[in-house]
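Colleague: Read off the chains here:
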Amino acid sequence: MTRILLRPRKLFKVPIEASAISPDNFAAARKVEEIKNQVVWEGNRPATLASIFDVEELEQGGELLEIIIEGDASKLRGVGKGMGSGTITVEGNAGIRLGEAMRGGTITVNGNVGSWLGSRMRGGRIEVSGDAGDYVGSAIRGSTRGMSGGQIVVRGSAGNEVGCWMRDGMIRIGGNVGQFAGVHMLGGTIVIEGSSRGRIGASMKGGRIVVLGEVGRVLPSFSIEEIRNVARVGEDRIPGPFYVFAGDLADDGDGRLYVSKDRNLELRFYESYIE
Amino acid sequence: MNVENVIKGVVCPFCGCCCDDLEVTVRNNEIAKVENACALGRAKFERWNEGRIVRPSIRSDGKILETSFAKAVERSARILYDARYPLLWGWSCTSCEAQKIGVELAEEVGGVIDSTTSTCHGPSIIAVHDVGESSTTLGEVRHRADLVIYWGCNPLHAHPRHMSRYSVLSEGRFRKRRGERKMIVVDVRRTATAKIADEFIKIEPNSDYEALTALRMCLKGEELEQESIAGVPSKKFEELIDEMVGCQFGVIFFGLGLTMSAGKSRNVDAALSLVRDLNSKTKFVIVPMRGHFNVTGANEVFAWQTGYPFAVDLSQGYPRYNPGETSGVDIATRHDCDAALVVGSDPISNFPLEAARNLSSIPIICIDPHETATTSVSDTVIPSAIVGIEAEGTVYRMDGVPLLLRKLIDPPEGVSKDTEILEAILNEVRRIRGGR
Amino acid sequence: MELLIKNGYVVDPANGIDCEKLDIAVRGGKIVEEVSSSAKILDASNMLVMPGGVDIHSHIAGSKTNLARVLRPEDHFRDFERRTALTRSGVGHSVPSTYTTGYRYARMGYTTVIEPATPPLKARHTHDELNDTPIIDKACFPLFGNNWHVMEYLKNGDLELCAAYLSWMLRATKGYAIKIVNPGGVEAWHWGGNVVGLDSEVPHFGITPREIVRGLCKVNKMLKLPHAIHVHPNNLGKPGNYLTTIKTMECVKDLAEGASIHITHCQFTSFKGEDWSTLRSGAQEIARYVNRNDHVTIDMGQIIFTATTTMTGDGPFEYILHQISGRKWVNKDVEAETGAGVVPVVYKRRSFVNATQWAIGLELALLIEDPWKVYLTTDHPNGGPFTAYPRVVSWLMSKRARERTMSRMNQSAARKTILQSLEREYSFEEIAIVTRAGTAKALGLKAKGHLGVGADADISIYRINPKEIDPSRDYRAVRKALRRAAYTVKDGQIVVKDGEIKEVVQGRTFWIDSRVPKDLEEKIHRELSKSFREYYTVGMENYFIGEGELARSSPIYVGEAKV
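Residue numbers (this note's numbering), protein chains in the order written: chain R, 73 to 347; chain X, 413 to 848; chain F, 18 to 580.
These aren't lab readings, by the way, just hints derived from the structure by calculation.
All of these numbers come straight from a predicted model, not from anything done at the bench.
One should not assume that every hint holds.
[Claimed, not checked] Dumping the calculated EDC-like pairs for lysine to aspartate or glutamate here, alpha-carbon to alpha-carbon at most 20 Å:
| id | chain 1 | residue 1 | chain 2 | residue 2 |
| --- | --- | --- | --- | --- |
| 1 | R | 277 | X | 634 |
| 2 | F | 547 | X | 433 |
| 3 | X | 512 | F | 98 |
| 4 | R | 277 | X | 635 |
| 5 | F | 433 | F | 302 |
| 6 | X | 676 | X | 655 |
| 7 | X | 588 | X | 610 |
| 8 | R | 277 | X | 689 |
| 9 | R | 108 | R | 128 |
| 10 | X | 647 | X | 616 |
| 11 | X | 819 | F | 566 |
| 12 | R | 85 | X | 742 |
| 13 | X | 632 | R | 326 |
| 14 | F | 497 | F | 487 |
| 15 | X | 588 | F | 551 |
| 16 | X | 632 | R | 297 |
| 17 | R | 85 | X | 616 |
| 18 | X | 512 | F | 566 |
| 19 | R | 85 | X | 750 |
| 20 | F | 547 | F | 536 |
| 21 | X | 693 | R | 324 |
The whole structure should be built from the sequences, with the hints applied where relevant.
Modeller: Structure representation (C-alpha cells):
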C-alpha cells in the first residue's frame, strides 16, 4: 500500500480544479516527485500540487494507493474524478464534484462535501460523515445519465435533487434531504433515514426511494399500492411499515416510494384507496 | 435654433418586450418626448439623465477620486489581469456587441462570465436542458391564441404592453376581438393582472409544482386522489385541462413565480412538460417572460460563442458550464471570485446578503451610466452611455427576435459606450500580458 | 501577396483538369496566370490540390442552431477546444460554437459554407453568428415556403408582386436563395397540423404546396437568382415519401431552363414502404428520375452512425421524431413565416431503420450517374457532424469501406439494400465535383469551386498522392488526409497548415442584391408599409438588415428582374 498525504499549504480562496488528485493518476506516477509535479488549476492558473500542498509519502510500495487530504478541501473540485481503484480520505470538508464519474475504489470524507457528490458514478463507494450539498449522484446538465453503479453513503443530511437521473446503484442519506430526491430517477435505490422536504420521486420512471422520516408532500402523481412491513434493500431488511406508492404517473413511471407509515400520519387518508 | 427631430420605430430599452414602435422627440440633444411607451419605458427615457455618473473614479485610501478614462481603464485591466478567478457579471442591460467583447475579455483574463439570467430565468434554461420547450415568437400568440395563461407573473406591472402588443388585448389575423380569447391568471395572490383576467386561480405559495403535476395527471386521464392540491380543488384542475385541451392555440407565459419559488427549475420542468404533453392534443406553447431588455441577447451571444447560455467559466482556457457551480450568485456566495467586473447591473442591491457582502470585499470594476449601490462600493467606476438612447446596439427580444437599438442623442461629454470601454480594457490587458 | 503552389496534383473538374501536375499562381487573393519570382513558394509535391470545399447545406448559424446549443449542454462537455494565441475557445461535436465551426471547416479544407434555413424575422441572428464564424465565406437561405405574403400573392396570381416581395426580402434578410421547407406544412403546424402532399390545402390560405413550389420557382427565374429553389419536400422522414419527392421534382419540370429545383438532404425523402418495419430504399426511383431529368440537382443528407442533433424548419416533422424517439424536443414557430424544431438523435448500426437510411444516402450518390447533379452533405448536423465528411468520402471512393460498415450494421437492412451490388467507386475528380465544383456551380458562385484564372484563391491541399494511392484499398489514408488539410488557402492566404490554424481571417457573407423595376419596388413598399405591422410584431424598418451589420458584406448583383 502506498499512502500519500496532502496538506493544504494555505487557505484556498479561488476554486481549485483538482481532478489530478486520484489514485489512478498517482499510481501511474512512479515517484512522489512526479506526484508533486501533477498539475491542478488554481482559479485560472495552473499550479503544481507541491505548490499548494505539502505532499508527503507516508508509505511506499504495494498495489493499492491511498490519498489522504488533511485540512479544508472545500475549494477542491473534481477530486477523484473517474477513479477506478484505490482510496481517497479527506480529513476535513471536501468540495464540489467529489468522486464524479468514479468507477471503483473508495472515497471517505470526515467532514461535509459540496454539491454534485458522485455525479455520474459507475462504481466504487463514497462515504461522508457530515452533510452533502445538492445533486448527489446526479447527471450533468442536459444528460439523462446519472449515477449508474456503486454506493454513496452520507451520514449527515443532503440538499436538493439527490439521485437526479439516477440509473442504478445505492444512495443512503443518514439525515434529512431537501426537495426532489430521486427526480427523473430511472433505477437504483435511495434510502433516506431522516425526513425530506417533499416532492420525492418527481418524474421518476423506475427505481425505489425509501423514506424513514417525514416525507413532506407526496406528489399527486403517485398512487398508493399497498402497505409493506419491510423494505428490502440489498442485504438489508429495513423494518416498516411502509406506505408503498407507485409513480410518477405523470411520466408513465413505474418507480416506488416506500414511506414510513408511522412517521407520516397525515398520509393516512391514502389507506382508503388501497384495493 | 430649436432643432426637433421625431424618430419613429424606436426600440425600447427596458423590458423583454422590446416594443419597437416608440416615437421619440429629440431636441437639442435631449429627450423631449416619448410616445407609445409604457410607464416603465417612458420613465427610462424621461429620466435618462438622472443620477448620471460623468467621470470615471477610483477608490484610493478609502476615498473616491475622479480620474481619467485612461487611468481607470489601466486600473481595471490590472485588477482583472491579476485576478485568479474574476467574475464578469451583468450584461442584460447592454448591447450584444458589448456582450461579445465581454466574452472575449473573460477568455483573455480567464474568468467567469455570467448574466442576470442567474437570478431570474436561469432555472428556466436549466429545465430546457432536460425537457426542451415548445415555443414561438410573440406574433403567433397575437394571431392565434384563444387561451392565454399568465402563470406566476404580473405583466401589468412588469411588462405593461405585453397584453396589448402580443396577447389578449391585441388584434391578430385569426383573433380580432378580445372576446375571442380567454385569459387565465395563476398566482399566489390577486395581482393587478389577475384582477383583469377572465379567471384567476389562486394557488398556495410554493405549490406550483403540485398544481402543474395535477394538470399533467388530468391530461393523462389519471384520477387525482387528493381533494385539493396546492389549495385548489382537484375538480378545478380537471376543468382547466379540459379548457386547455379544448382550445385551438394555448399559451403559458410564466415568470419568477415559477423560477424563484420552491422548486425553481423543476417548476419550469413541470410547466414545459405539461405544454409538451398538451401538444399531443392541441397546439400549445410556452414563453418565459424575460425581464431585462437584453438578457435574452446575453444568452444568445454566450451560447453561440461558447456553447453555453450563461454561467460560462473560461478560467481553464475553454468554456465550462455548471450553474450552481459557475453561476455568479453562487460564486459570490462561496467567495470564489477575487475580482469582479460589473456591467450595467447592481448585484450589491440584488444579490442575497452573503453574496453581496462577499462581493463588496473584493475589487469591483463597475461600468454603468447611473449611480447604484454597486458603484458606491466599487474600486473603479467608469460611466457609460445608455444603450438604446445614447448608443446603438443589437438586442434580442424575449422570444429571440433580434432588433437594433438606436442612438438618439449623444452621451454626456466624456462618457463612452460600453463597447469602447470594454475594448479599451481588453486591449490594456493584452498590453500588460505582452501583446498577441 | 503572391503565392505559387508548385508541383501539386491538381483536380479542377470545372476546368477539365484531373490529377495533372500543375502550378497554381495566386496574387491579390485571386488565381492568376503567373506570379513574380518573389512569390512565396508552397511545395505541394505529391499532394492533392483541389479548390476549397463548398458546402451547399449545413446548419451552422442562427436561431435554431442556438436553440440546439442551449438544449444540449451535454453535447459539448467532452468535445471542446482551448483558446490559443490565434484561436478562440469553443465546444464542438454536433452543435459546435461559432468559432469552432469556422476552424473545423477550415481544417478540412472547406472555404465556403451555406447556412440553408434562415427564418427571415430572425435573419439578423443568423448574420450575427455568421459574423462570428471565422475564415469561411458564407451565405444564408431565407425560408419562404410558409410565408404569409408569399402564399397570398401566389393565391391571388400576383406573381409580379410576389417577385417584388422576394426581391425586397432578399435584401432585407441579406439572403442568397429561396429556401422552401415543407411548403404549407409549417403553416399548418402553427395550428398543430401538417400537410400530407403537394395537393393538400394549406388551412386558411387556400393554396397548395404545389402552387407554392411552382410560384416560387417562377419567381426565382424572374429574379434571375443564381441558385435554383432549394427544397425540403413535404413528408420528410415518412415511409413512402419518395413519391412526394418525385412529384415535387416533376411539378416544376415545365419551368425548366437549366436547373429549376434542388432537393436537399434527399436521403430523408427517399423512403419507400408503408411504415418503419417495411421501410425500404426509394433511392433507385429517385436516381432514375434524376438521371433522366436535367432540371434537378440533389444533395445526399448522408447519415453517420453516431449521436447527433436533428434541427430543421420542418416543425411538424421534429414533433413526430420526438414522439417516436421520446427524446427532448424544442419547437420555435416564427410568426407569419416559418418554424423550427430540434431533437437529439442517435443513429445506431443495429437499427434496421438507421441502417437503411445509411444505405439510402450512398445509393443515391452511386446510382446518380452525373456527379454534377449530386452533392455530398450530411445535412449537418441532422445526419451527422460535418467533421464526418471525410468518412462519407471514403464510402464513396471505396466499396471495401462500404462493405466493412455494412458488415457491422443491421443485417436485415444490409440484405435489403442494393449497395452490395454497386461496384462504383468515386474518383478524386468526382469527389471534387460533389464537394466543390458541382456545389459552386449549382450555387452560381462563379469564383468558387474551381482553380481557373479569376477564381478566388480558395485552395485545399491534402497529404495524399492521387497518382499513387488506391483509395479503394487505402480509404483510411484518404479519410485521414481529408480530415486535416496539409494546407488550406483562403483568398490567397495560408490559413491552415497540417490541420492547424495558422491565420484567422474574416470570411465574406454573400447575398443577392436583387432589384425589380422601380415602379414595382415602390408598389411593394407601399403595400408592405400598410400591412407590415398587421402581419408582424415588428415594423418594416426594424425588420430590414443593414449592410453594415454584416462583418464583410459581399453583395451579388444579378441584374434587374425580368417581370
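Colleague: What are the numbers of the hints the structure violates, in ascending order?
Modeller: The structure conflicts with hints 6, 17, although it agrees with all the remaining ones.
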